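Protein chains in written order, with this note's numbering: chain A, 51 to 486; chain B, 51 to 486.
Hints were generated in silico from the structure; no laboratory data involved. Take the hints with a grain of salt, since some may be wrong.
[As the list claims (entries may be wrong)] Quick look at which bits of chain A chain B covers, simulated, 3 or more residues with Cβ under 8 Å:
(1) 103–112
(2) 336–348
(3) 355–365
(4) 448–457
[Stated by the list, open to error] Here are some of the chain B residues that sit facing chain A, going by a computed Cβ distance under 8 Å:
(5) Asn80
(6) Asp82
(7) Thr106
(8) Gln151
(9) Val155
(10) Pro157
(11) Lys159
(12) Gly160
(13) Val161
(14) Asp207
(15) Thr330
(16) Asp334
(17) Leu336
(18) Gly337
Please read all numbers here as calculations on a predicted model, not as lab measurements. For each residue, glycine too, the CB sits at the ideal point set by N, CA and C.
There are 2 protein chains.
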Amino acid sequence: MATKIVDVKVRDIRFPTSKTMDGSDAMNGNSDYSATYVTLVTDDPAGATGHGLTFTIGRGNELCVQAVKSLADLFVIGRSLEQITSDFGSYWHELVAGDCQLRWVGPEKGVVHLATAAIINAIWDLWAKTENKPVWKLLADMSPEQLVNCVDFTYIDDVLMREEAIAMLRRAAPGKARREQEMLEHGYPGYTTAAGWLGYSEEKMRMLARRAVEDGWTHLKQKVGADLEQDVRRARILREELGWERKLMMDANQNWGVDQAVANMRVLAQFDPWWIEEPTSPDDILGHAAIRQRIAPIGVATGEHAHNRVMFKQFFQAGALDFCQLDPARLGGLNEVLAVVLMAAKFGVPVCPHGGGVGLCQYSQNIVLFDYIAVSASLERRVLEYVDHLHEHFEEPIVIRRGRYMPPRAAGYSVTMKEASLEAFAYPDGPKWREH
Amino acid sequence: MATKIVDVKVRDIRFPTSKTMDGSDAMNGNSDYSATYVTLVTDDPAGATGHGLTFTIGRGNELCVQAVKSLADLFVIGRSLEQITSDFGSYWHELVAGDCQLRWVGPEKGVVHLATAAIINAIWDLWAKTENKPVWKLLADMSPEQLVNCVDFTYIDDVLMREEAIAMLRRAAPGKARREQEMLEHGYPGYTTAAGWLGYSEEKMRMLARRAVEDGWTHLKQKVGADLEQDVRRARILREELGWERKLMMDANQNWGVDQAVANMRVLAQFDPWWIEEPTSPDDILGHAAIRQRIAPIGVATGEHAHNRVMFKQFFQAGALDFCQLDPARLGGLNEVLAVVLMAAKFGVPVCPHGGGVGLCQYSQNIVLFDYIAVSASLERRVLEYVDHLHEHFEEPIVIRRGRYMPPRAAGYSVTMKEASLEAFAYPDGPKWREH
Numbered sequence: 051m052a053t054k055i056v057d058v059k060v061r062d063i064r065f066p067t068s069k070t071m072d073g074s075d076a077m078n079g080n081s082d083y084s085a086t087y088v089t090l091v092t093d094d095p096a097g098a099t100g101h102g103l104t105f106t107i108g109r110g111n112e113l114c115v116q117a118v119k120s121l122a123d124l125f126v127i128g129r130s131l132e133q134i135t136s137d138f139g140s141y142w143h144e145l146v147a148g149d150c151q152l153r154w155v156g157p158e159k160g161v162v163h164l165a166t167a168a169i170i171n172a173i174w175d176l177w178a179k180t181e182n183k184p185v186w187k188l189l190a191d192m193s194p195e196q197l198v199n200c201v202d203f204t205y206i207d208d209v210l211m212r213e214e215a216i217a218m219l220r221r222a223a224p225g226k227a228r229r230e231q232e233m234l235e236h237g238y239p240g241y242t243t244a245a246g247w248l249g250y251s252e253e254k255m256r257m258l259a260r261r262a263v264e265d266g267w268t269h270l271k272q273k274v275g276a277d278l279e280q281d282v283r284r285a286r287i288l289r290e291e292l293g294w295e296r297k298l299m300m301d302a303n304q305n306w307g308v309d310q311a312v313a314n315m316r317v318l319a320q321f322d323p324w325w326i327e328e329p330t331s332p333d334d335i336l337g338h339a340a341i342r343q344r345i346a347p348i349g350v351a352t353g354e355h356a357h358n359r360v361m362f363k364q365f366f367q368a369g370a371l372d373f374c375q376l377d378p379a380r381l382g383g384l385n386e387v388l389a390v391v392l393m394a395a396k397f398g399v400p401v402c403p404h405g406g407g408v409g410l411c412q413y414s415q416n417i418v419l420f421d422y423i424a425v426s427a428s429l430e431r432r433v434l435e436y437v438d439h440l441h442e443h444f445e446e447p448i449v450i451r452r453g454r455y456m457p458p459r460a461a462g463y464s465v466t467m468k469e470a471s472l473e474a475f476a477y478p479d480g481p482k483w484r485e486h
Numbered sequence: 051m052a053t054k055i056v057d058v059k060v061r062d063i064r065f066p067t068s069k070t071m072d073g074s075d076a077m078n079g080n081s082d083y084s085a086t087y088v089t090l091v092t093d094d095p096a097g098a099t100g101h102g103l104t105f106t107i108g109r110g111n112e113l114c115v116q117a118v119k120s121l122a123d124l125f126v127i128g129r130s131l132e133q134i135t136s137d138f139g140s141y142w143h144e145l146v147a148g149d150c151q152l153r154w155v156g157p158e159k160g161v162v163h164l165a166t167a168a169i170i171n172a173i174w175d176l177w178a179k180t181e182n183k184p185v186w187k188l189l190a191d192m193s194p195e196q197l198v199n200c201v202d203f204t205y206i207d208d209v210l211m212r213e214e215a216i217a218m219l220r221r222a223a224p225g226k227a228r229r230e231q232e233m234l235e236h237g238y239p240g241y242t243t244a245a246g247w248l249g250y251s252e253e254k255m256r257m258l259a260r261r262a263v264e265d266g267w268t269h270l271k272q273k274v275g276a277d278l279e280q281d282v283r284r285a286r287i288l289r290e291e292l293g294w295e296r297k298l299m300m301d302a303n304q305n306w307g308v309d310q311a312v313a314n315m316r317v318l319a320q321f322d323p324w325w326i327e328e329p330t331s332p333d334d335i336l337g338h339a340a341i342r343q344r345i346a347p348i349g350v351a352t353g354e355h356a357h358n359r360v361m362f363k364q365f366f367q368a369g370a371l372d373f374c375q376l377d378p379a380r381l382g383g384l385n386e387v388l389a390v391v392l393m394a395a396k397f398g399v400p401v402c403p404h405g406g407g408v409g410l411c412q413y414s415q416n417i418v419l420f421d422y423i424a425v426s427a428s429l430e431r432r433v434l435e436y437v438d439h440l441h442e443h444f445e446e447p448i449v450i451r452r453g454r455y456m457p458p459r460a461a462g463y464s465v466t467m468k469e470a471s472l473e474a475f476a477y478p479d480g481p482k483w484r485e486h
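For reference, chain A alone in the conformation it holds in the complex:
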């Protein structure tokens, strides 16, 4: 029996994080972590719903909310889950390109693409819930043909064709059950950004770094890019606390030009950074390639602002990346994530998705588990970001053990929020905002 989507509810949810400087970096000093939160209402007698969100940092969230409404009217309400998932790649293409008017104000980027992510991920959540599996398990149990059926190869078939993707997935199939068991027992390696925010005092930083080491973290990320002397001072503190065996990563949040990135990283090289993240404009593929060449062996990482699979295709083609940091809510939802994960595997680039924000750790744990079990079959140079903010608002807690993500067990895509939180932080009329 088909499950029909009869309504799409969308809510503007904002957390006043700018008060605590959580999440502060060289580019984003004043963020109210926010979500455009989508609920798919169905005619399922048991009341199945689908939940998805996109992440923004405050103003502009209302634009994504409005874009979800426009897309939902055209492409979601009245469709059945089975109709969508039976040819999911084509449905995804319809959503991003089926209405030329909405496509024009992207295309496949910015507000409309963020809205697409919230909708698409809500459909995956609904699908996984009806299958009674977390999304990582739903994906891991699919055949190569079923997985590839979810991918739109438009604009990427010059580097990856359907048949090649199926062959890659078949080669990775042996050992799937063993790797799934390994993940259930030992979890997936993570890293923490907890100590590194720029708005924290150096004392707070040292204290948080010390605690991170005690908690078993082996990789820690520092925000840089506002002031080089400050970066040096803070890196010294972090190395004092971490020692030299643990990995230190740095993140400039797009604050440098190409030449400036090279010059600054030559100074920061004394602290042996494992990667520099977002050294410059997220659109500058050739700039990242040049930086990578000039600061080797320091790795180059980017992707949380890379807006679609066409950008990632070129980052891979240009040899611009050591680490692919795709964002599960900036790409147009999980279907496009799959396209990027497959291309990354072909080019041999490890996928280390963006965490933090609102719900990004929740999404990303599903992606890396799937990647390890069914695609890359490797943990080499792979770590998933962990940021300890706002998790209390989600129904299923994230479980971290000694710096490793334990696989989520609840059915769905892990971003279902508590109704009480949705009501409290509704913007602008929820009680937490009326207090301000």
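Fit chain B to the given chain A structure using the hints.
Just chain B now, with coordinates in the frame of chain A:
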């Protein structure tokens, strides 16, 4: 005495063009040509106002309207024109990056960047009106230092620095007065897309092509990309009407993959196309470079969807373009256009901006006149698109003589619309929409 901006009015203006299939192509079959129309209200005793717009094709225009309001509250209302223009490059940077929250839902792309264009271009309109010059003349009369002061070199200073831009402009200075005179007498060469829309019948196409030849057009563009056999049939008709001396250009509006573009252009090569425009995704810099290499000597043109100077920087670096078709309302307004025009000059790529839409011919005529008079000093391989739609809604008519654009004479940036049109086509409550 300073001119203070005391209010920003923004209106959602839509024309029901989908009824006539004007503007129909392989990607955009159903467009209601639209504008997010901005009016800057000032405290000037003589009542000076600034007018700017961004172009969309219908749904999604309301998102741009909302984004203009958010940006205006933060960065426009209460500022003085003199304060803005005295350090215009820095002001532009503030508008695109000064609020990290709004930046996040771009950055520098999609809805927020389209909104930026409308605001920035309205400021240029206001400035030119207070100087009593059309924008092309305002620009042509500036010193190299004044021009470069309007440019934000963030993320492009690895290929073009301020000093180099000044030196380039100085080298172009001799002959400025002569070139200006030449333009006033003979105009700037144009081309027409009038006959080429995909939604027109082949009979209508032949008739319009014949009329275009009679009217003196030497370059004509055909829309392709929906169906190769149809493209061949239509190209044959156009060559019958144009002969082989006139130039025929083709425009696929992003409808092909990289390999498909190459295969199809090898078939269409028999019609000697001068360029293929938007053969694939507008984000695919390396894809355009590959296509260009594989279909030479057919030229590759793109840019109307290239969303910022960082994308153009890479199109130039990668040798991906024969013709730079920047869009005056998709780039973040004239300041960013200047950055692209300067980079194009450095790389020796001719600038042939996007025309058509709503107000794009009006804007672009100012850009090419400035480019010829003060930057490139060349007409080689340069033509400005002309599309004969919706011009009746603007206060100053466009003047075409035997296929050449005659320089606008009225002060401003040429996109001030008639108040009657603004009222009639207001969406959704204007009388023309209530009729529907």
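Open item on the list: Hints numbered earlier in the text: which of these fail when held up against the supplied structure?
Closed with: Going through the list in order, the structure violates hint 4 alone and respects the others.
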